[in-house]
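Visitor: Sequence:
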Amino acid sequence: MTPSRLAVSLSLVLLAGCAVGPDYQPPTPAQLLPAATAEAEPEAAGWWQAFQDPALNRLVGAALRHSPDLASADANIRQARSALEMNAGAQWPQLNAAGRVSRDQLSRRGEALANIPFANPQTLFTDYRAGFDASWEIDLFGHTARGVEAGRARLDASREQAADAALRVAAETARLTLDYRYWSLRADNAAAQAGWRAELARLTRLQVQAGLAGAGELEQAEAERLRADAQLQPLLAARQTALAALSPLTALPTTALRAQLDGVAPEPRLPPTPAAGLPSELLLRRPDLRAAERQLAAASADIGVATAEQYPRFSLLASGGWDSVRPGDFAAQASRYWSLGPQLSLPLFAGGRLQAQVRAREAGYDAALAQYRKAVLQALADVETALSRSQAGRAQEARLSDGETALQRQLGFARQRVAVGEAAQSHALEAQLQLAALREQRLAARQTLSADLIALYKALGGGTPSDASPSQAPGAMPR
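Plus 15 on top of the position in the sequence shown (first one is 1) and you've got the working numbering.
Source of the hints: derived by calculation from the structure; they are not laboratory data.
Heads up, some of the hints might be wrong.
[Unchecked claim] Okay, derived cross-link-like pairs now, SDA-like style, lysine to any residue, Cα gap no bigger than 20 angstroms in a straight line: (1) K389 <-> R183; (2) K389 <-> A459; (3) K389 <-> R273; (4) K389 <-> L276; (5) K389 <-> E296; (6) K389 <-> L298; (7) K389 <-> T400; (8) K389 <-> A312; (9) K389 <-> D303; (10) K389 <-> E377; (11) K389 <-> E399; (12) K389 <-> A378; (13) K389 <-> G379; (14) K389 <-> E455; (15) K389 <-> Q325.
Let the sequences and hints guide you as you build the complete structure.
Guide: In structure tokens, the structure reads:
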């Protein structure tokens with residue numbers, strides 16, 4: 016083997032061992048787990064600000080920046096955009112270059128040399144070739160244009176799906192944050208009840224020792240104390256569960272979440288019930304409905320792509336370059352070659368495949384239309400359900416608030432009687448416990464009402480009718 020051939024062979028062996036693109040490396044635990052410490056996130060603007068809770072705003076901002084669901088949605092957008100660019104690239108001429116050096120041996124008995132009238136033609140030679148090929152399909156029946164239309168609709172759908180994911184992440188983060196607030200308030204109330212029950216049991220024990228009460232009263236007081244102690248633990252467990260559920264949403268460790276949420280805080284504010292608006296406005300406000308409409312548009316364009324497959328396809332082809340068996344003559348005029356001409360492709364018989372493809376795309380359109388209608392009907396049902404639940408919750412919360420106000424007045428009267436010696440200390444404790452029991456009911460009702468309001472904001476697509484726009488959902492992830 017000559018040195019030149021050896022060099023070429025070694026080069027080919029080395030190139031065969033190369034691979035472009037990234038080499039896979041599994042993510043490290045530091046990339047997957049929440050950071051041990053985290054800085055406070057800037058407050059995000061959106062419908063959740065109606066609750067006027069700065070910590071809630073910060074946590075929703077963290078979720079919209081770091082949620083794995085939104086990172087996946089963003090990757091889907093980039094994938095759909097690349098698919099659109101690939102479809103759009105087919106509208107332009109395609110140009111490819113190629114070159115080769117080959118050592119060829121022709122058969123003396125083959126059709127190329129068998130009929131040559133002179134003897135001993137050269138059959139072993141080295142061929143040097145370089146050139147280009149170009150093609151351009153004239154889109155007469157919209158095959159490529161419909162593909163671009165479908166790709167653009169799917170890109171829009173992926174953006175709306177990302178906006179819907181942002182809405183769901185924000186709603187879940189807000190719900191869990193308010194749940195944590197209410198579980199904390201309810202746990203504090205339960206701890207206070209346990210303390211008052213313990214004090215009431217102590218006073219009952221003293222009355223028994225003084226002969227003013229029987230053993231049955233003491234057993235009842237002890238049972239109530241134990242029941243009050245038992246009510247505290249489920250509330251603390253529920254609070255910890257809400258905190259743990261917030262961690263994957265915000266990509267923050269539970270220690271950082273607790274630092275932002277713990278502390279003395281007033282009861283969460285309940286914003287006014289947002290206006291439902293007209294059903295036609297709902298089609299523009301909810302990103303999942305806009306995504307379903309864009310999927311329907313893509314399915315319609317797919318029918319055009321399949322239909323155009325049945326029609327002729329016309330292309331312009333060109334090729335040219337240099338071809339020679341002697342390196343010294345490679346650039347000579349006689350070594351040049353070229354070809355230019357149109358090409359027509361007409362499907363004549365495909366066994367019904369093309370017609371079946373059109374029917375399949377039409378069925379896909381019908382399925383997308385059915386899914387769109389289902390999404391619209393479900394959206395209307397979601398709004399009606401959330402609206403009725405929030406209205407009923409407000410009425411319940413108002414009645415419980417009035418009852419709590421009345422019991423607070425009764426507690427004041429009981430304390431006055433104790434102060435002047437008209438009643439025992441246990442009388443004020445009983446009034447305090449009645450007030451705490453009603454307060455537990457009111458806090459539970461407000462917690463349910465806050466979840467219903469968040470569900471209503473989510474069902475309405477976030478915001479109010481004036482916030483709606485065809486291109487951006489209130490609170491949606493930035494594009």
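Visitor: Does each hint fit the structure? Answer for all of them.
Guide: Hints, verified against the model:
{"no.": "1", "hint": "K389 <-> R183", "result": "holds, 19 angstroms"}
{"no.": "2", "hint": "K389 <-> A459", "result": "violated, 34 angstroms"}
{"no.": "3", "hint": "K389 <-> R273", "result": "violated, 41 angstroms"}
{"no.": "4", "hint": "K389 <-> L276", "result": "violated, 39 angstroms"}
{"no.": "5", "hint": "K389 <-> E296", "result": "holds, 17 angstroms"}
{"no.": "6", "hint": "K389 <-> L298", "result": "holds, 13 angstroms"}
{"no.": "7", "hint": "K389 <-> T400", "result": "holds, 16 angstroms"}
{"no.": "8", "hint": "K389 <-> A312", "result": "holds, 16 angstroms"}
{"no.": "9", "hint": "K389 <-> D303", "result": "holds, 11 angstroms"}
{"no.": "10", "hint": "K389 <-> E377", "result": "holds, 18 angstroms"}
{"no.": "11", "hint": "K389 <-> E399", "result": "holds, 15 angstroms"}
{"no.": "12", "hint": "K389 <-> A378", "result": "holds, 16 angstroms"}
{"no.": "13", "hint": "K389 <-> G379", "result": "holds, 15 angstroms"}
{"no.": "14", "hint": "K389 <-> E455", "result": "violated, 40 angstroms"}
{"no.": "15", "hint": "K389 <-> Q325", "result": "violated, 33 angstroms"}
Of the numbered hints stated above, those contradicted by the structure are hints 2, 3, 4, 14, 15, listed in ascending order.
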